[in-house]
Amino acid sequence: MAKVSYDHYLHGGDYNPEQWLDHPEILKTDIEYFKKAHINTVSLGIFSWAVLEPEEGEYHFEWLEEIINNLYHEGISTILATPSGARPKWLADKYPEVLRVNEKREKQLFGGRHNHCYTSLIYREKIHKLDKALAERFGKHPGVMLWHISNEFGGECHCPLCQQKFREWLEKKYETIDNLNNRWCTTFWSHRYRSFAEIESPSTIGENELHALKLDWKRFVTEQTIDFMKVEIAAIREGGSELPVTTNFMYDYEGLDYKKFKNVVDVVSWDNYPGWHKKEEWETAVDCGLQHDLMRSIKKEPFLLMESCPSATNWKPINKLKKPGMLLATSLQAVAHGSDSVLYFQLRQSRGASEKFHGAVIDHYGGSDTRVFKEVTEVGEALEKIQETIGTKTIAQVAVLYDRENSWALKDAQGPRNENMYYQECVLKQYRALREQGLNVDVISMEHVLDGYKILAVPMAYLFCDGYEEKLRDYVKQGGTLVLSYWSGLVDATDRCFLFGTPYGLMDVTGIRSTEIDALYDWEENYAVPNPSNHLNLQKTYRCNHLCELLEVSDAEVLMCYGEDFYAGKAALTHKTYGNGHAYYVAADMEYAFYHDLYKRLVKEAEVKLLVKFVPEGISVNTRASDKLEYLFLQNFGRKSVAVPISEEYEVVYGEESEVIAPLKTRVLKKKIEVNEE
Amino acid sequence: MAKVSYDHYLHGGDYNPEQWLDHPEILKTDIEYFKKAHINTVSLGIFSWAVLEPEEGEYHFEWLEEIINNLYHEGISTILATPSGARPKWLADKYPEVLRVNEKREKQLFGGRHNHCYTSLIYREKIHKLDKALAERFGKHPGVMLWHISNEFGGECHCPLCQQKFREWLEKKYETIDNLNNRWCTTFWSHRYRSFAEIESPSTIGENELHALKLDWKRFVTEQTIDFMKVEIAAIREGGSELPVTTNFMYDYEGLDYKKFKNVVDVVSWDNYPGWHKKEEWETAVDCGLQHDLMRSIKKEPFLLMESCPSATNWKPINKLKKPGMLLATSLQAVAHGSDSVLYFQLRQSRGASEKFHGAVIDHYGGSDTRVFKEVTEVGEALEKIQETIGTKTIAQVAVLYDRENSWALKDAQGPRNENMYYQECVLKQYRALREQGLNVDVISMEHVLDGYKILAVPMAYLFCDGYEEKLRDYVKQGGTLVLSYWSGLVDATDRCFLFGTPYGLMDVTGIRSTEIDALYDWEENYAVPNPSNHLNLQKTYRCNHLCELLEVSDAEVLMCYGEDFYAGKAALTHKTYGNGHAYYVAADMEYAFYHDLYKRLVKEAEVKLLVKFVPEGISVNTRASDKLEYLFLQNFGRKSVAVPISEEYEVVYGEESEVIAPLKTRVLKKKIEVNEE
Amino acid sequence: MAKVSYDHYLHGGDYNPEQWLDHPEILKTDIEYFKKAHINTVSLGIFSWAVLEPEEGEYHFEWLEEIINNLYHEGISTILATPSGARPKWLADKYPEVLRVNEKREKQLFGGRHNHCYTSLIYREKIHKLDKALAERFGKHPGVMLWHISNEFGGECHCPLCQQKFREWLEKKYETIDNLNNRWCTTFWSHRYRSFAEIESPSTIGENELHALKLDWKRFVTEQTIDFMKVEIAAIREGGSELPVTTNFMYDYEGLDYKKFKNVVDVVSWDNYPGWHKKEEWETAVDCGLQHDLMRSIKKEPFLLMESCPSATNWKPINKLKKPGMLLATSLQAVAHGSDSVLYFQLRQSRGASEKFHGAVIDHYGGSDTRVFKEVTEVGEALEKIQETIGTKTIAQVAVLYDRENSWALKDAQGPRNENMYYQECVLKQYRALREQGLNVDVISMEHVLDGYKILAVPMAYLFCDGYEEKLRDYVKQGGTLVLSYWSGLVDATDRCFLFGTPYGLMDVTGIRSTEIDALYDWEENYAVPNPSNHLNLQKTYRCNHLCELLEVSDAEVLMCYGEDFYAGKAALTHKTYGNGHAYYVAADMEYAFYHDLYKRLVKEAEVKLLVKFVPEGISVNTRASDKLEYLFLQNFGRKSVAVPISEEYEVVYGEESEVIAPLKTRVLKKKIEVNEE
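Residue numbers (the UniProt record's numbering), protein chains in the order written: chain H, 1 to 678; chain Z, 1 to 678; chain X, 1 to 678.
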């Protein structure tokens with residue numbers, strides 16, 4: 001893997017000079033404005049295929065070279081994209097196979113973007129040739145720093161080429177068709193396959209209820225996307241460039257399993273478009289924080305914020321302006337969670353088509369005297385002030401499981417609630433509860449190593465990939481605190497139900513067995529009532545909704561019981577010490593206050609080291625650390641100014657000297673790391 | 001018709017041992033558990049085609065024979081299914097014509113179930129061959145008791161073969177194209193056909209507004225489904241089996257006109273999946289009761305409950321657990337309404353695919369120590385205790401019309417309200433009002449004979465099949481009490497409007513003519529106010545909603561008038577004696593209380609014999625009778641224990657001695673039928 | 001253009017005798033009833049193609065001739081339709097190209113109506129031949145008065161023939177592909193075209209986000225529809241008929257740009273189906289009024305109400321009866337706004353198919369003793385009483401811009417709010433405010449000449465067609481009062497953003513520049529607070545919602561400021577005198593009361609002449625005028641009787657003598673026009 005590190009924060013973003021080649025005065029102004037706004041990085045070429053190769057095989061790179069040179073001469077680096085995110089019309093017209101077929105088996109026409117078959121050999125060949133030529137020309141250019149492969153990979157294709165690849169992929173995985181039939185439970189409804197050749201991808205006009213097929217199809221889509229990406233990376237390497245590569249991920253994107261990109265990209269990058277001012281700011285901040293941590297946890301390295309909006313987006317139902325100070329706060333939040341950049345989409349607004357009203361550093365008016373331009377400049381200045389924190393890492397003592405394969409399987413399963421299982425909400429409540437203790441939190445998949453975590457939240461782990469129950473057992477045995485919840489350990493990696501009791505493989509670890517699960521209508525609720533002598537001293541009654549599991553307790557402390565319905569008095573929260581650790585089991589979808597109070601106690605029980613003694617409402621706490629220094633980021637996403645007392649050893653890097661933090665303000669502090677610390 | 005009667009209640013349900021052939025220990029345990037749960041009947045082979053005929057023409061029946069034998073040796077009978085509900089992949093791949101074409105003319109891919117063309121000769125040939133072979137092998141097996149033809153027939157196909165059959169069907173019906181044009185009113189919008197060959201089935205991308213075409217298409221779908229079913233029955237007979245046949249119907253299914261199966265099945269059976277605990281239990285019970293009575297009324301014979309869920313379903317938006325006692329109550333409700341069985345889907349949960357979380361007698365855990373298993377056992381024991389009631393019949397003195405052809409036409413017509421005409425609701429209110437008098441109620445079609453009914457409710461009979469007005473006239477003339485409602489008698493059997501006044505043919509019987517109909521927005525309401533001297537002594541004012549018909553009264557008593565709008569003071573309820581009977585006309589969509597109070601009076605006026613003097617809230621009353629004995633079923637679907645006093649001549653068959661019935665509890669009593677009784 | 005004027009109001013409507021040819025007694029009764037109801041005009045032949053030409057080339061016109069003669073002999077004129085609105089089955093079967101292809105490129109089947117390709121040469125040839133024959137036979141018949149071309153033109157076709165025409169149309173418009181690429185901004189997402197041949201119409205399975213393409217496609221659809229209509233008109237002229245032509249337009253129809261028909265039709269006609277009694281009557285009346293004025297303004301001549309419903313419609317979600325008096329009020333409203341007719345759909349109800357329950361003068365019952373028949377008769381009588389007003393014109397001193405091209409572009413743009421921009425609502429509020437001053441209002445497009453308007457409301461003029469900014473500038477310079485609003489002047493005629501500031505070309509006229517626009521969630525609101533010294537003496541605070549624009553004020557009076565959010569204190573309403581006129585700028589989506597109060601002041605400031613001194617709530621005021629006489633129409637759409645004092649010079653033409661007007665009642669008065677008046 002190429003080593004990725006910078007000596008300053010990247011500030012800048014997507015730039016489309018090819019739309020302005022006939023306006024040289026605008027191109028000139030742009031660079032002046034970039035410097036004025038402390039912009040040091042631009043992303044070029046993302047949708048430039050039609051300009052780079054206007055006719056098949058005719059490459060026109062001069063304009064790009066001139067832009068890169070001009071930027072470089074002004075100290076601005078280039079992230080260079082491969083243009084595979086949208087194809088020229090001639091390519092689609094001449095080689096129709098490059099266009100996708102949707103799940104209803106309808107061939108798509110040319111249009112939009114991201115509408116190409118990842119399997120098509122022609123598409124791969126054409127982009128390989130172009131990428132290689134780009135690498136040859138720009139791969140060693142001193143102004144070019146990083147490859148931005150394609151753009152926001154996503155979607156799927158059901159064309160005959162993809163069907164064939166899917167069959168090959170299945171054959172490699174299952175070896176025999178009997179094995180596949182067995183794992184997929186195809187005897188149900190007479191769906192047994194006699195050969196891999198008989199298999200077709202899921203379709204709403206065909207097979208749409210064989211969950212194992214659908215799960216494997218989703219896995220295949222991820223792997224085929226990666227396979228395509230590797231073709232692009234190979235082209236770059238063949239072109240002689242050794243620069244690192246990335247591709248920009250999206251917010252909680254269901255279409256791909258990003259953890260599988262871990263060893264493909266040199267640095268993780270993603271596009272963050274939170275809907276600030278829809279809910280309370282602190283609420284949006286928790287939601288964004290989880291995504292930042294999810295991205296950071298993929299490689300457990302600093303990541304890049306590749307896109308964000310300097311003003312209002314234009315594609316949401318309601319596109320609100322960011323209030324003054326919001327841009328700075330959201331930008332520094334990314335940094336606090338581990339980003340080494342603040343990049344925008346877009347530097348200059350396009351004049352036409354679907355994104356013409358998307359916020360930009362420079363808008364159609366074109367002046368640098370706008371509110372947005374000034375706030376962008378403020379961000380640039382702030383990033384320079386905290387330059388010493390660049391490249392520092394995030395160490396987390398606690399983690400929450402949030403796995404895409406589990407999400408896929410859980411949502412596709414026809415289960416107790418088909419309207420909404422509230423999976424993300426359950427993950428988010430536990431993440432928030434840990435964050436409100438002032439802790440860094442890793443957001444991990446089932447593939448992550450668990451060493452070093454003092455607390456591990458495992459909410460609704462419906463699917464256990466092979467051996468996951470053993471990983472959890474070992475984790476507890478060796479002293480970890482596991483918080484497992486309802487609807488866990490029901491199916492194996494092919495969505496086949498475990499027999500003989502659930503949570504599979506962990507009934508002895510938790511001391512309970514799940515016997516039934518009750519679904520509640522949205523207007524129903526139940527309660528968890530504390531048992532008087534529970535060892536955590538929980539004293540409140542909490543509401544639970546949506547799902548209530550019924551447990552048979554064989555060997556566990558019952559901390560709380562249900563308060564209503566025919567299962568009143570039955571266990572709602574249990575605990576068992578196992579090996580050197582603790583196994584908690586939460587039986588129902590509890591309200592947030594429960595998790596807040598539970599984790600407050602568990603943090604103490606598990607001896608998690610707190611960064612700040614008391615975290616007031618609305619305050620977000622993060623640390624980043626080098627070998628010798630720990631940087632503390634404090635941000636106020638509440639509506640009131642509050643004091644956040646910290647120990648005297650800290651020194652101010654950025655922000656006010658006072659301990660009082662105003663709304664949307666940030667303080668960055670540092671202290672030396674003592675060698676004797678645990 | 002084969003004679004269907006049993007000497008004990010069937011208890012058991014769908015069983016898919018083909019999913020467990022590699023787990024002989026499970027197959028063994030299953031039978032032990034069946035006996036423990038008093039299960040005496042299993043349904044086999046419903047989706048087994050791919051296992052029965054894994055390659056074209058290669059039949060593998062050994063496994064099935066072994067299962068049937070094993071069950072038989074333990075005293076358990078088999079309902080044997082023909083496997084046409086789902087086809088093997090090889091059949092679809094080799095003969096694509098067997099797959100359906102939807103109404104948009106899109107060929108469906110292999111997948112799901114129930115996705116085959118009923119017209120395809122190849123499909124018919126393949127299933128005929130297999131069915132015949134099954135009949136030859138198992139048709140005389142002493143353990144096999146009944147044929148379960150296919151599964152939940154439904155859906156439609158628009159392939160060229162079906163188009164051709166539809167044209168032939170139309171030609172047979174209309175003889176000349178002029179006749180069809182005339183009946184269908186095709187001159188509207190220039191849709192005249194020059195020959196039957198020009199006709200195509202309705203389509204949202206083609207003809208979708210010619211109501212007569214759509215109505216005939218629905219009729220054709222029913223007849224073609226029956227035609228397909230007859231091929232399967234013929235195969236069974238050719239295979240030498242004389243066992244009775246059935247097919248399982250569905251809850252209020254709009255896709256087929258079940259009354260047309262009357263002479264095709266030897267016994268009616270259906271699948272009941274009420275959503276208990278969503279509304280008040282008594283409300284769900286009324287709704288289920290109507291469906292049971294609808295099914296029973298098809299043949300006016302005991303029916304079979306072919307499927308029901310022992311626990312929670314998995315396909316509803318919210319799948320709630322049944323609270324303790326609910327399974328027993330819902331099972332005995334079926335019996336009270338005339339079922340000779342309580343059968344479940346499913347005996348053992350499948351491990352994979354879309355129904356893996358559907359409730360089952362034996363779940364993935366696999367023990368017999370579960371709550372569900374114990375409640376199933378209770379049902380088995382209860383059925384044995386009331387064994388003497390098996391095969392007894394239901395005699396109803398009152399009936400409600402609920403006709404599928406009417407429902408089709410009424411809903412398709414672009415009429416006063418296109419959002420919702422509240423047809424089912426209107427039927428249900430009248431059914432409930434009669435049930436709350438403690439009466440058995442027949443739910444009948446326009447084809448039923450009306451002799452013997454003292455009261456007949458005819459709500460919203462928009463379409464009159466040929467001669468229906470005469471049937472109603474005779475009914476009243478001979479002494480019946482008819483309650484006809486608004487939006488009745490508007491169109492003939494081809495959805496062509498009657499001229500010269502409505503309700504067609506009954507203006508003299510009712511003494512009124514409907515002049516206009518007002519549609520109300522959901523937020524609007526009107527009132528029906530009693531006339532001081534009305535002969536029924538109605539004294540309350542009732543709300544009406546949705547639809548208010550305006551009447552011209554020529555020769556009728558006006559019992560109630562509208563209270564608001566420009567038609568305040570005009571008739572809302574009228575009455576006329578005609579011949580020896582009474583004709584009531586309800587002009588508006590009245591609230592439930594109106595029907596409750598009306599039928600309380602009509603029951604007295606019509607001298608209907610009451611089974612129980614006073615029916616407390618929540619209590620459901622049914623009787624079943626043999627030649628000599630009448631069995632009274634009393635069930636409490638309310639939230640409180642209540643006393644239901646009954647005459648001393650009754651003797652307890654099942655349940656507590658006390659007259660007080662606790663929630664969800666059932667009492668069964670019997671008395672001798674006096675020969676002198678009317 | 002043929003001259004269109006009548007000496008009496010047309011009263012009657014659509015009639016389909018071809019559905020009753022086998023019921024001669026009904027055809028006879030119909031004419032008797034027409035006379036009884038004062039019906040003097042019928043529209044024939046609208047969907048008669050299959051009867052007129054039952055086999056290709058075989059024309060059967062005798063029945064039509066007989067009907068026309070019979071009507072004529074009884075003094076009833078005929079509006080004769082060309083039957084292209086629906087085609088016979090043989091035409092679709094023999095020439096599939098006549099059927100449409102939808103935007104997903106799916107060929108439609110035969111069915112419904114209005115489902116033919118406007119480009120198809122065969123369709124054009126067949127209808128041309130038939131139309132010409134009709135013109136030859138009936139074009140000089142003394143009973144025929146007007147050609148009704150096709151019916152409710154609408155919809156679009158994406159077949160290869162249409163694709164080809166679209167490309168030719170584009171080539172004619174843009175000349176070179178570079179020009180098109182430049183105007184359409186195709187460099188965005190690599191969508192550059194290399195030739196016109198590469199272009200395809202928009203599609204949800206292809207290009208759906210290139211706004212300029214979509215806008216031009218919509219324009220093409222209008223022009224191709226007109227091109228088709230011209231073929232029909234040509235046929236009529238070739239057949240020797242010089243009678244005027246029209247085609248019936250629809251309520252606020254988005255599919256066509258009706259202003260382009262201005263010089264194609266001799267008289268504008270339209271079909272009005274308001275949903276009376278859903279909202280308050282006055283509210284529905286304002287909404288209808290706008291549509292009448294929109295239609296009248298196309299040619300600035302009297303128009304025809306071609307269809308309206310004598311009773312309840314049958315195609316709305318809820319189809320309410322018209323309360324007594326409503327039919328007369330709605331009919332006279334059309335006249336008050338400039339209609340020279342009151343025509344219904346339909347004279348006699350059809351027996352079958354989708355419109356069988358649509359209200360009619362004669363219903364299925366068939367008598368003339370119905371409430372509806374009597375109210376129709378009343379309308380006929382009223383029209384005779386006001387006969388002297390026929391042909392008089394409407395003069396408006398004020399106008400509101402409501403342009404279809406703007407509406408298309410505004411709604412398609414991905415902008416600040418994608419849920420709803422509330423464009424029509426903004427137009428309607430300003431229209432209503434002007435109407436409630438008792439004024440005639442023109443509702444105009446960007447193509448209209450602005451001379452003579454004292455006030456011009458320009459709400460949300462997102463798109464400026466070429467030179468529109470100059471037209472507005474001149475208008476103000478020469479003394480007009482312009483009320484421009486937020487979201488104006490953003491894009492040119494190809495939806496390409498203007499650079500260097502908006503509202504484009506009018507920043508100096510208004511003295512402001514729009515810098516940002518904030519979108520509000522539906523639950524949010526802001527306020528406009530009056531500045532103490534504002535010259536209009538506005539004193540109230542008004543709510544604003546949905547959209548709040550932020551202004552940089554360079555040279556304008558700030559009359560009101562925002563009350564909340566970070567832009568509290570910034571301008572919400574500005575004013576500048578420019579040349580001899582006034583330019584107002586409304587920055588936010590203000591509540592109705594604001595417009596009411598604003599226009600009350602502007603009417604005074606601009607010295608608009610008021611027709612009535614005080615307009616009570618619910619009263620609608622219109623005038624029509626000949627050279628010498630002015631007719632004042634006063635209608636009460638409120639719930640209470642109110643007095644409307646008028647000057648003594650008026651004389652009553654119709655209605656009560658008293659100044660008090662009861663709900664749903666109309667008064668028509670007249671006075672001489674003084675030559676000295678301005």
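Simulated from the structure, these hints should not be mistaken for laboratory data. The reader is advised that the hints may include incorrect statements.
Okay, derived cross-link-like pairs now, BS3-like style, lysine-lysine, Cα gap no bigger than 27 Å in a straight line [stated by the list, open to error]:
{"id": "1", "chain 1": "Z", "residue 1": "LYS259", "chain 2": "Z", "residue 2": "LYS393"}
{"id": "2", "chain 1": "H", "residue 1": "LYS278", "chain 2": "X", "residue 2": "LYS107"}
{"id": "3", "chain 1": "Z", "residue 1": "LYS279", "chain 2": "Z", "residue 2": "LYS165"}
{"id": "4", "chain 1": "X", "residue 1": "LYS94", "chain 2": "Z", "residue 2": "LYS107"}
{"id": "5", "chain 1": "H", "residue 1": "LYS316", "chain 2": "X", "residue 2": "LYS609"}
{"id": "6", "chain 1": "H", "residue 1": "LYS665", "chain 2": "H", "residue 2": "LYS279"}
{"id": "7", "chain 1": "Z", "residue 1": "LYS165", "chain 2": "X", "residue 2": "LYS411"}
{"id": "8", "chain 1": "H", "residue 1": "LYS278", "chain 2": "X", "residue 2": "LYS28"}
{"id": "9", "chain 1": "Z", "residue 1": "LYS107", "chain 2": "H", "residue 2": "LYS214"}
{"id": "10", "chain 1": "X", "residue 1": "LYS570", "chain 2": "H", "residue 2": "LYS323"}
{"id": "11", "chain 1": "Z", "residue 1": "LYS570", "chain 2": "X", "residue 2": "LYS104"}
{"id": "12", "chain 1": "Z", "residue 1": "LYS613", "chain 2": "Z", "residue 2": "LYS628"}
{"id": "13", "chain 1": "X", "residue 1": "LYS107", "chain 2": "X", "residue 2": "LYS28"}
{"id": "14", "chain 1": "Z", "residue 1": "LYS165", "chain 2": "X", "residue 2": "LYS107"}
{"id": "15", "chain 1": "H", "residue 1": "LYS640", "chain 2": "X", "residue 2": "LYS570"}
Computed from a predicted model, the values in this text were never measured in an experiment.
Consistency of the hints with the structure:
Taking the CA atoms of LYS259 of chain Z and LYS393 of chain Z, the gap is about 19 Å. The hint holds against a cut of 27 Å. Under the criterion of a C-alpha separation no larger than 27 Å, the hint pairing LYS278 of chain H with LYS107 of chain X is inconsistent with the structure, at around 44 Å. Between LYS279 of chain Z and LYS165 of chain Z the alpha-carbon distance is near 44 Å, which puts this suggested pair outside the 27 Å criterion. Taking the CA atoms of LYS94 of chain X and LYS107 of chain Z, the gap is near 24 Å; set against the 27 Å cutoff, the hint holds.
At roughly 46 Å between alpha-carbon atoms, LYS316 of chain H and LYS609 of chain X are farther apart than 27 Å, so this suggested pair is violated. For a cut-off of 27 Å, the pair hint linking LYS665 of chain H to LYS279 of chain H stands: about 18 Å separates their Cα positions. Annotation: proposed proximity of LYS165 of chain Z to LYS411 of chain X is violated, straight-line Cα distance about 47 Å (limit 27 Å). Between LYS278 of chain H and LYS28 of chain X, the direct Cα distance comes to roughly 67 Å. Violation of the 27 Å bound is thereby established for this hinted pair.
For the hint pairing LYS107 of chain Z with LYS214 of chain H, the CA-to-CA distance comes to about 21 Å; that is within 27 Å, so the pair holds. Distance check on the hinted pair: LYS570 of chain X and LYS323 of chain H sit about 14 Å apart at the alpha-carbon level, within 27 Å; holds. Among the hinted pairs, LYS570 of chain Z with LYS104 of chain X is inconsistent with the structure: their alpha-carbon atoms are about 52 Å apart, more than 27 Å. A C-alpha spacing of about 22 Å is found between LYS613 of chain Z and LYS628 of chain Z, which places the hinted pair at or below 27 Å, so the restraint holds.
With a CA separation close to 43 Å, the supplied pair LYS107 of chain X and LYS28 of chain X exceeds the 27 Å bound. For a cut-off of 27 Å, the pair hint linking LYS165 of chain Z to LYS107 of chain X stands: about 24 Å separates their Cα positions. Taking the CA atoms of LYS640 of chain H and LYS570 of chain X, the gap is about 24 Å. The hint holds against a cut of 27 Å.
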